[in-house]
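**Student:** Chains V and E are the protein sequences, given in the same order. Okay, so the first sequence: first residue is 1 according to our numbering, each after it adds one. Okay, so the second sequence: first residue is 355 according to our numbering, each after it adds one.
Heads up, a few of these hints could be off.
Far from chain E by the CB rule (all over 10 Å, computed), these chain V residues [to be verified]:
1. D42
2. E123
3. D137
4. A196
5. Q278
6. D317
7. D318
Residues from chain E that keep clear of chain V, each with C-beta distances beyond 10 Å, as calculated [to be verified]:
8. N444
9. D470
10. E523
11. D524
12. D578
13. E580
14. D636
15. S640
16. V653
17. R694
18. L701
Okay, the calculated beta carbon distance ranges per label pair [as the list claims (entries may be wrong)]:
19. E/R645 <-> V/E118: 53 to 61 Å
20. E/D648 <-> V/T242: 24 to 32 Å
21. V/R271 <-> E/A553: 57 to 65 Å
22. E/E366 <-> V/S232: 23 to 31 Å
23. V/T242 <-> E/S699: 26 to 34 Å
24. V/E306 <-> E/D626: 54 to 62 Å
Keep in mind that the hints were calculated from the coordinates and are not lab data. Here the structure is a predicted model, which is why all the values come from computation and not from measurement. Ideal placement from N, C-alpha and C gives every residue a C-beta, glycine not left out.
Protein chains: 2
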Amino acid sequence: MTRAETRPAPQEFDRVLSSMCTDPHPAARDAAMRFLADNPGDPATYPAVSDLEREAVAMLGDVVGLDDPHGYVGSGGTEANIQAVRAARNLADDDANVVAPESAHFSFQKAADVLDVELRLAELDDDHRADVDHVTDLADDDTAVVVGVAGTTEFGRVDPIPALGDVAEDAGANLHVDAAWGGFVLPFTDHDWDFADAAVDTMTIDPHKMGQAPVPAGGFLARDPETLDALSIRTPYLESDTQPTLGGTRSGAGVAGAHAALDELWRDGYRDQYETSQANADYLASELDDRGYDVVDPVLPLVATELPDREFRALRDDGWRISRTASGELRVVCMPHVTREMLDSFLADLDRSR
Amino acid sequence: MTRAETRPAPQEFDRVLSSMCTDPHPAARDAAMRFLADNPGDPATYPAVSDLEREAVAMLGDVVGLDDPHGYVGSGGTEANIQAVRAARNLADDDANVVAPESAHFSFQKAADVLDVELRLAELDDDHRADVDHVTDLADDDTAVVVGVAGTTEFGRVDPIPALGDVAEDAGANLHVDAAWGGFVLPFTDHDWDFADAAVDTMTIDPHKMGQAPVPAGGFLARDPETLDALSIRTPYLESDTQPTLGGTRSGAGVAGAHAALDELWRDGYRDQYETSQANADYLASELDDRGYDVVDPVLPLVATELPDREFRALRDDGWRISRTASGELRVVCMPHVTREMLDSFLADLDRSR
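Next comes chain V alone, as it looks inside the complex (with noise of 0.2 Å):
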């Protein structure tokens, strides 16, 4: 190996429009500086940050309607899909399946292979919501678990999580709500989502992306102890007994962040960046509707769009961080750092690259 010959640089924030990231709240990113070496793992070794990541919990817990909430600050959404899974599959007999939407994010399909459960995929109705007739078709004895998306991937979607509840509880199974994104708008949104609106069992909620958090801290939810009994596994030589998570050394800048980004913004900061963030989305989809194109109407801060080939090409070729949907849609998240000013001049290369 040779030292490389230029420093290279991050990522600067202000042509991304494919991540669920954002750039840290200052706060957040201070607070991450300041425990950038202290290990949530080891409770007993570094107890500062656990009384932190015990306060973000409650707060979290807040976020969602949940009064007594049982969780972690963990790596990220796919780490708690795969704890929802892992703990409904514990709990549940031998040949668990699974019962999602196609919309799922595709740590389910890594949840799936990584557990050894069946994922069984239930097609959506026309506005990309889960179909809960075939929800309801799919859920048998076996399934562990049924999962809603609160605020999906590609298209920014709601799915009914409290019809989604119901089929749980005929089948036996939990509901686990994938919130990872949807989770800091939502509350200031008219859906039902959430541990108040609905019989949830566990949820996704990341803090590393609306909340304005740095990487990584994801959210891990669950209404009963014993979904955290059901991940526990003994811990020798840590002072303390056992772990429920599913990495060890966890990162103390993400406790660290995830704490004073939720301390500083929850509840009035979140809400503004939702109103902001909203109303970009909607004048992004009015500006491109204007142009012609068929944009799937963004009920969340999320845009999506038809967009030929060409001009998603000449667009990445200008330096804009942009992905596609699974069907090919152009799709634009307006997080925190996206402004209108971002949004205008997106909107001038794409005028040119047509």
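Use these hints to put chain E onto chain V, whose structure you have.
**Tutor:** For chain E alone, kept in the frame of chain V given last:
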């Protein structure tokens, strides 16, 4: 929630003797701060940190005697150990089992639960190393992977890796080496432990332990590309195709920090650190022996010693972060932040506690 009255402080390292993590190297800390918001799990959006990861993996290959390494920088040793077992299980038949020594880290218990495989624990010899005869007895046609530890968590022992490779080969199984902690000191010893020394298939080696990178920076390395293929999940709506990692979003701070530490310290800096840490361990062992304690000879920079409960509690009350093995010994991990002055201060407090 009310805002915390006093701002909690990160853990100072001047009394931490229990952790296998450490205060990161300044160059690594600086790189981590710069790349705090980058996500190596989304290489099309964050190409710079992806380039750093490729270089970091290549440098890790140099550390472990592997010319063309396949792998990635993940969340830590637990993830890498789970991934090693998962890859072996996916490449094997049903009813896979894992044979590991009783000294294996508890993450293998976690891997067995998560991956639904049988974990068979082999006895240790008189020097706390895997008993090869018992490993041989436990391995059979269903064994997917044999585990050896190169630097055990409790006693810093190095299993007979080449002999375990022979057992694995006879069983048609992979050989996985857990060098999470030991990987950055073993290159400067006479032990046979790496890809060049034995028929190793996969390895755990954590930059965030003796590698002086910030948390989270774990290393998972494989000799063959098929290993990563066995872990790959398709990734729609990212502009990359597949993802072999256990997590999704990953820490840019960890990847950039690992790169910076390796770039700065491999190879002379790590050798200097090994020599200092080993000298400290030898010194502490000698001082404890002089005081009449039964000390386990430190073959790597980790000292284990009998210590009555009363002294242990008194030292914890003095603010020392210390922990015990499952059989009750005090263990002191001579990490880079552990200086001779710290050890003298610790010994003085020990003397007062007697």
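**Student:** Each hint should be assessed against the structure and marked as holding or not.
**Tutor:** Here is how each hint holds up against the structure:
At the 10 Å boundary, the C-beta of V/D42 falls inside the reach of chain E, the nearest C-beta of that chain being 6 Å off. With 10 Å as the threshold on Cβ separation, the claim that V/E123 sits away from chain E holds: the shortest Cβ distance comes to roughly 17 Å. With 10 Å as the threshold on Cβ separation, the claim that V/D137 sits away from chain E holds: the shortest Cβ distance comes to roughly 24 Å. Remark: the non-interface label on V/A196 is consistent with the geometry, its nearest Cβ contact in chain E lying 17 Å away (cut-off 10 Å).
At roughly 21 Å, the least C-beta separation between V/Q278 and chain E is larger than 10 Å, which holds for a residue marked as non-interface. At roughly 13 Å from the closest C-beta of chain E, the C-beta of V/D317 stays outside 10 Å, upholding its exclusion from the interface. Interface exclusion of V/D318 from chain E stands, the closest Cβ pair being 15 Å apart, more than 10 Å. With 10 Å as the threshold on Cβ separation, the claim that E/N444 sits away from chain V is violated: the shortest Cβ distance comes to roughly 7 Å.
For E/D470, the shortest C-beta to C-beta distance to chain V comes to about 5 Å, within the 10 Å cut-off, and the non-interface label is violated. Every beta carbon of chain V lies more than 10 Å from that of E/E523, the smallest distance being close to 26 Å; the non-interface claim holds. Taking the minimum C-beta to C-beta distance to chain V, about 27 Å, the non-interface status of E/D524 holds against the 10 Å cut. Interface exclusion of E/D578 from chain V stands, the closest Cβ pair being 19 Å apart, more than 10 Å.
Non-interface call for E/E580 relative to chain V: holds, since the shortest CB-CB distance, roughly 16 Å, exceeds 10 Å. No Cβ of chain V approaches the Cβ of E/D636 within 10 Å, the least distance being about 22 Å, so the stated non-interface status holds. Distance check on E/S640: its Cβ is at least 23 Å (rounded) from any Cβ of chain V, clearing the 10 Å threshold; non-interface status holds. With a cut of 10 Å on Cβ distances, E/V653 stays outside the contact zone with chain V, its closest approach being about 18 Å.
Once the 10 Å rule is applied to beta carbons, E/R694 is consistent with being away from chain V; the minimum gap is 21 Å. No beta-carbon of chain V is positioned within 10 Å of the beta-carbon of E/L701; the least distance is around 20 Å. In this structure, E/R645 and V/E118 meet the distance hint of 53 to 61 Å, their C-beta atoms being roughly 60 Å apart. A C-beta distance of roughly 29 Å is found between E/D648 and V/T242, which places it inside the suggested range of 24 to 32 Å.
Against the hinted window of 57 to 65 Å, the Cβ-Cβ separation of V/R271 and E/A553 comes to about 59 Å, which satisfies the hint. Checking the proposed 23 to 31 Å range against E/E366 and V/S232 shows it holds: the Cβ atoms sit about 30 Å from each other. As the Cβ distance of V/T242 to E/S699 is approximately 32 Å, the hint placing it in 26 to 34 Å holds. At roughly 59 Å, the beta-carbon separation of V/E306 and E/D626 lies within the given 54 to 62 Å, and the hint holds.
Checked against the numbered hints listed earlier, the structure breaks hints 1, 8, 9; every other hint is satisfied.
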